[in-house]
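Visitor: Here's the letter readout for the chains.
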Amino acid sequence: MEEFAALIDALVYTRSRNEKLRLIAEYLQNTGDPDRGWAMGALTDGLDFKAVKSSTIRNLLKERIDPVLWSLSRDFVGDTAETASLLWPDPLGDVAPPPSVSEAVEALEGMTRASVMNELPKLLDRLDPPGRYALFKLATGGMRVGVSSRLAKVAFAQAFDVSVDEVEEYWHALEPPFADLFAWAADGADPPDTANMPLFKPFMLAHPLEETVVDLAEYAAEWKWDGIRVQLVHVAGETRVYSRSGDDISATFPEMVDALDIPAVLDGELLVRGVHQGGEEGGAASFNALQQRLGRKTVSKKMLTESPAFVRLYDVLSLGGEDLRGLPWHQRRERLEDLLPRLPDSHFDLSQLVEARDFDHLAQIREGARDDAIEGLMLKRRDSLYVPGRKTGLWYKWKRDPLLIDCVLMYAQRGSGKRSSFYSDYTFGCWDGDPDEGADLLPVGKAYSGFTDEELKKLDRHVRQKTINRFGPVRETDKSLVFEVAFDSVHESKRHKSGLAMRFPRIHRIRWDKPVHEADRIEALRQLIRD
Amino acid sequence: MAAPFSWIRPEPHGVHIVPADVWIDPSKPVDTALVTHGHADHARGGHGTTVATPETLAIMELRYNTREGAAPVEYGETIRLKGRVDATYIPAGHVLGSAQILLEHAGERVVITGDYKRRADPTCPPFEVTPCDIFITEATFGLPLFTHPPIEDEMGKLLARLEAHPDRCVLVGAYALGKAQRVIAELRAAGHDQPIYLHGAMEKMCRLYEDFGVDLGELRLVSDHDKDDMRSSIVVCPPSALNDRWSRRLPDPITAMASGWMRVRQRARQRNVELPLVISDHADWGELTRTIQEVDPHETWITHGREEALLRWHQLHQRRARALALVGYEDEDD
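These protein sequences, in sequence, are chains S and X. Number 408 in this note's numbering belongs to position 408 of the first sequence; there are no gaps in the numbering. If you want this note's numbering, it's the 1-based position in the second sequence plus 1000.
Hints are computed from structural coordinates only; laboratory data are not their basis. Every value quoted in this text rests on a predicted model; they were computed, and no experiment measured them. A hint or two may mislead.
Stated by the list, open to error - DSBU-like mimics (lysine-lysine), calculated; alpha carbons at most 30 Å apart, straight line:
| hint | chain 1 | residue 1 | chain 2 | residue 2 |
| --- | --- | --- | --- | --- |
| 1 | S | Lys494 | S | Lys399 |
| 2 | X | Lys1028 | S | Lys458 |
| 3 | S | Lys457 | X | Lys1028 |
| 4 | S | Lys153 | S | Lys297 |
| 5 | S | Lys53 | S | Lys122 |
| 6 | S | Lys466 | S | Lys446 |
| 7 | S | Lys514 | S | Lys458 |
| 8 | S | Lys457 | S | Lys479 |
| 9 | S | Lys466 | X | Lys1157 |
| 10 | S | Lys466 | S | Lys497 |
| 11 | S | Lys514 | S | Lys446 |
| 12 | S | Lys122 | X | Lys1157 |
Using the sequences provided together with the hints, build the complete structure.
Guide: So, in structure tokens, the structure goes:
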């Protein structure tokens, strides 16, 4: 555990990507099995111990330290695991030496909700603060050490001099501690046999278009739908649904598992049916409706009838066992169009291409899109092969311009991670009538992004100087600052007092200059509802 | 007869000693100021008379060009002020010249700590526990998560990193008054006798420390040397210079920072620090609470820092305390 804790700390303090790769590779080369496999699992968010939650850590600490002192400390640090690792009281007397990573994993796996409050302290007592921090992070998943799952895999590939694309392919067939993967990469054993496994294939992704202008002779345009990108895989009688990050979400969408029985790997947008106005493609409800179905481990019959899912297809990666990723896009598109009649139309349709005379015309079409299930346009090079990740110049996403509204800052809370101690989470509101006639502000949303580090410092100062009330960690400000807030869409919502909920709000501009009574009213926001 | 302790009044800009009409560490110009130590948030220019230790007065002269009205007091010396108030300067262990001030009037005793720590520091005499009725303390690191590790451990980390990268230098960000000199003196105590390189802004203060008898070994200025001279060396600069263009003249520096805040990972990350060194000139949580128990005052007043947690601690231990909410004291780069 000490080596793993040292790795975690070194990663926290290292800025350079190459240095991070070197640190992880060095750890993998110098650590034995299965410790290094568990470490890879932790770095790629692959570990989950049901008995240990963030609330478990909180409860353990509140048994050992005054709850007020705990909350003040947690608020200052901005991270439960770190606060707990620093506040854990050193045990009296002699303790056993620190556990190895696999010993810790084994102990964590053996814990139940009933035993965790007795068992976890025994591990913690054997560790120093960095060790405790690493253990908490290992136990609760989500290391937050500035290492993406992809970076860890690249480091793995570097450590053993193998191809990262191959690592990605095998990855999803295996589980921590990845014994077969290490045997192949480190010890030269045969690669894991994956021919008959419904494996996730890494997605091809797009760059934002920004200022680029493309020639439509070279690029095809299609709508970018506002659902979740999925991959459907059917191999040897088994079907899986994978999310963009490669998570298996088959259990959340059982109707899609049943809908595919042709050996294929399909790429598309998962949407739900819903009442829909304005769109010609028809049938897709807004993201808001889809959200009700996300993150569920089981689905009720009612959900399946009220919000049935379907997939709007973008691409085909493999068909009848033949890998099509080496073909250019236009050939894959033909294969996809040929395939469509063989798929049930209740659960599949095709993402239509958008025809335009030229780029300007395409821009007009994008501006005119009224359908709320459309997030923007995709531009795909007609000769592009299906390559994992984001290769420059092949695919572009061209999102619809955001909606804008002027709101007033009402409450602020400290951020976490890099922003701990800074008041960086803002709740803002709109007027529920004429502010000059005594109308009130009602909260309409929360944003954490869209400002620079310099602006954050100014905002933090503003919040500290203009606090009029404190509710635990929340500060109420004197409501003297206007934010121009950008957002993708707005919907009716019973959860908020204003009756509205915004999708992906972020601070567009800070209007230090604008008087608050000139901020927008709730009515103005309501008029921006598209569906 | 006046109400107990009515002669001492916390005002937003400092603590006012009414019968003597003097102020402790005032943040605006006054006729007579009693100054605990030379840091900018406690010592400001523009007072008619400034009463402080000779070391603090020298520091103030160097930093703020204060020359007029200097009234030196030695440690242990008691001076009689107007209105039958006696003031005694007692070591606080914070930085060179730092003092607690004991005020006595009408049989009542009040101690104002300024900033202080309880750990040994080769650059200044240690804090002395002084019994009193009212103990006015700081609380910069007033949260139970703050435990400053033994400074030998931190020096060990620094020297190990230096040894592991002979082609590079370790750039240590340290507050220019106090922290920098303490780090250098502790490096010498740990047996590091190589020349240490200084950012220009550090030079005069180090010379002042040497004039007061603190041995800092061989110091060199970065500006007098080439990149190659500084490989496998320690370079000390103010925290603000850590990520400044200035550091480009150094050989591939490893960025370190000596501060009590480095105990929290994200604080180190916010400053792009690769090697956090948990070294503080303030009392940590254990030192704060132990000191209050040892002084055992009738009541504690808290000037600045994380006062909420320290107030809570008093409540849990059935002790009287209040927060003063003075303005102008900052969390310096400590």
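Visitor: Which numbered hints turn out to be false for this structure?
Guide: 9
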